[in-house]
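Undergrad: In case you want the letters, here they are:
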Amino acid sequence: MKTSNQRAGTRLRWLLLPAMLLGVCGVSCTKVEGPAPVSHAPPEMVTTALGIEMVRIPAGRFTMGSDRGEEDQSPAHDVEIDEFLIDRYETTQKHYVALMLDNGSKFKGEDRPAEMISWVDAAMYCNARSEAEGLQPCYHEDTTCNYDATGYRLPTEAEWEYACRAGSSSEYASGSDPRMLKDHGWFKENAAEKTHPVGTKKPNAWGLYDMHGNVAEWCTDKYGKTYYANSPARNPHGPDEGEQYVLRGGSWASSKDACQSTSRAADNPGFTDACFPRETIGFRCVRKATGKAREKPAAGAEASQGAGSASASPAANEEAHLRVPMEHTTDEIARCRFKPGRLPSSS
Amino acid sequence: MVPAWGLGFLPLLMVAICPAAAAEEDLSSELKHVAYKIVYETYQDGNWELYVCNADGSDTVNLTHTPELNELYPHASPDGTKLAFVVDEGEGPSKIRNLYYMNIDGTGRKLVAKNARQPCWKADSSAIAYLKGEFEKFSYTDYATKGIFIYDLKTGTHRQHPNRKIEHLYNLCWSPDGKWFLATVHAGMGYKHAILAIEADGAGVIDLGIPGCRPDISADGKRVAWGPSDWALCVGDLEFSGPAVKVVNVREVLTSEKPTKIYHIDWSPDGKYVTYSRGPAVKRLGLIPEIVGAKAEGWNICVADPGQTNRYVEITTDGKCNKEPDWVPVEKTK
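So the sequences go chain by chain: F and L.
Residue numbering for the first sequence follows this note's numbering, starting at 1 and increasing by one per position.
Residue numbering for the second sequence follows this note's numbering, starting at 348 and increasing by one per position.
A hint or two may mislead.
[As the list claims (entries may be wrong)] Negatives, chain L to chain F, calculated, CB over 10 Å:
| # | residue |
| --- | --- |
| 1 | 380 |
| 2 | 393 |
| 3 | 408 |
| 4 | 472 |
| 5 | 481 |
| 6 | 628 |
[Claimed, not checked] Straight-line distance between alpha carbons at most 25 Å, and here's what the computed PhoX-like set of lysine-lysine pairs gives:
| # | chain 1 | residue 1 | chain 2 | residue 2 |
| --- | --- | --- | --- | --- |
| 7 | L | 479 | F | 94 |
| 8 | F | 188 | F | 201 |
| 9 | F | 94 | L | 493 |
| 10 | F | 94 | L | 442 |
| 11 | L | 379 | L | 667 |
| 12 | L | 484 | L | 539 |
| 13 | L | 619 | L | 526 |
| 14 | L | 593 | L | 539 |
| 15 | L | 442 | L | 484 |
| 16 | F | 108 | L | 539 |
| 17 | L | 605 | L | 569 |
| 18 | F | 94 | L | 642 |
| 19 | L | 484 | F | 106 |
| 20 | L | 479 | L | 539 |
| 21 | L | 479 | F | 106 |
| 22 | F | 108 | L | 479 |
| 23 | L | 667 | F | 94 |
| 24 | F | 202 | F | 108 |
| 25 | F | 188 | L | 539 |
| 26 | L | 512 | F | 194 |
| 27 | F | 108 | F | 188 |
| 28 | L | 512 | L | 479 |
| 29 | L | 512 | F | 94 |
| 30 | L | 461 | L | 501 |
| 31 | F | 106 | L | 493 |
| 32 | F | 225 | L | 630 |
| 33 | F | 201 | F | 256 |
| 34 | F | 106 | L | 539 |
| 35 | F | 108 | L | 512 |
| 36 | F | 202 | F | 94 |
| 37 | L | 484 | F | 108 |
| 38 | F | 106 | L | 512 |
| 39 | L | 539 | F | 194 |
| 40 | F | 256 | F | 106 |
Calculated from the structure, these hints are not laboratory results.
Where is the CB? At the ideal position from N, CA and C, for every residue including glycine.
Take these sequences, add in the hints, and give me the full structure.
TA: Here it is in structure tokens:
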């Protein structure tokens, strides 16, 4: 999906990530009023059996919402989230078409995010992706979600905001200065009225791209304007009733404000014809974190494992070092029985 | 106690109390005298068949009787002698949607094209235009199409439309003068979603500027009907004058309250009526009921008067996924 130059840039960013995290924490810790996340360690990267990169988001606690934003963002309240995996990028057209066949996106490009996606389309993709990797689909035919299933689903609104903030408490994951947003997301002022290939702006502190802008992302929750007043403190799943489903992050067509970490939007889910989807809406998937992350080997062992030789060049050593968090975990390798982007045969 | 004048006053009372019921009663009576028939797809005993009935819903006949095959999307030739339709054949990876035509009585089935869908007829009934499937793998998606093709019944030959950029069309129809196709496009040809007029023998493409999908041109070529949403059906006047095609004088002829959807509008040959399908929206993952081949429990065929708003009558009542109705003209060869 990404060019080698992009990958090199990605690796460099991961090399710098601990320093970035320290920097973020150093700046923001004095300002944080709510609870900080439990873990500040750089999250582990996982590549799934279909070749899709995910980030293991650590369990933690954060302040969700804002008392300074729109009415539906308040009250700001503390929420605890269990560990989970989330796609590093918005679902691309390449990955969507590999499972769903039809490309209904307006702005064509295999590395661009899939858009014109209804909530139903997104949920069906989640199930198809689960089945393709031998996991238990989360969504039932009646659209209810089995949160205990091993497969893919859309993030809850709380998971989405937790992942977007990545430890920050500012309006954007990049800070409170909206001028910084142009480096982190595609929105109305810089997107030229279209989507852009995923991962072409800076990631947040947890390595997630395009959490602000490009396409607004479906969440699994129904939208409730006053839900925050009574939502559970741990792993909230949204209200039981509601016509519309939550959208987060804003899109290429959104204002800066609509791209804020706390900004909420909603739309009809799409139990309807192809006539009405929007080219501003896409999604990314999450799934339960199963099993423990692989122990990170010592630096010397990493170089030895990755490069195959202790005398490897500095570049090779860097490659090996960086490869560690990107490698398949054991459970992923076990499921990797077919090439990325291809469905397993029925036999 | 029954009054001396008996219960004969009840219909009159209903008319006085409920004008809608009266309008429906009037329309039902009116339709008994309409010579055209209506053909539609229906899911009977676990299988899609094509049924034909009178305009008032009477005298229903199964035209296909094929429990092993799924026939869908019937379109009658303008001369009333033939039906074009698609058949979903095979299962699993070998599943395919193929295009056929047959005599109006269900005999003489002939394969037109494999992996083809959405047929419509040339006004003189000499040719069928259709859309090729976008993928070799089966897809229910309505817009999963690529290219317009024209099949000549006399020679048995196919030709592709000269505009090779045509993709993602659905619900194709052909203007009576043979100069234009109308169709919905979704995420293709540079459009997000639009109803297009496409030159039948050229590269011209015009966005009609009307929201929604599934256009149908009246037999005189002067009006178009379509669905602007799940809950309404519209008609408008077509203006083919000059280089542009325009739709003017747009009006809603049918509206529906949620969760009842209305879809698949089709003009009667004389333009006095429209037929369409109507049924409940379903909140589920998977195919939405209005898609060809999707089960649509509770859906029925209706006939309406396009000169008024919401003057309609339901002509099927079993709710067995009755959809995609098409008027069958009076056979001109007899």
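Undergrad: Checked against the structure, which of the hints given earlier come out wrong?
TA: 5, 6, 17, 18 and 23
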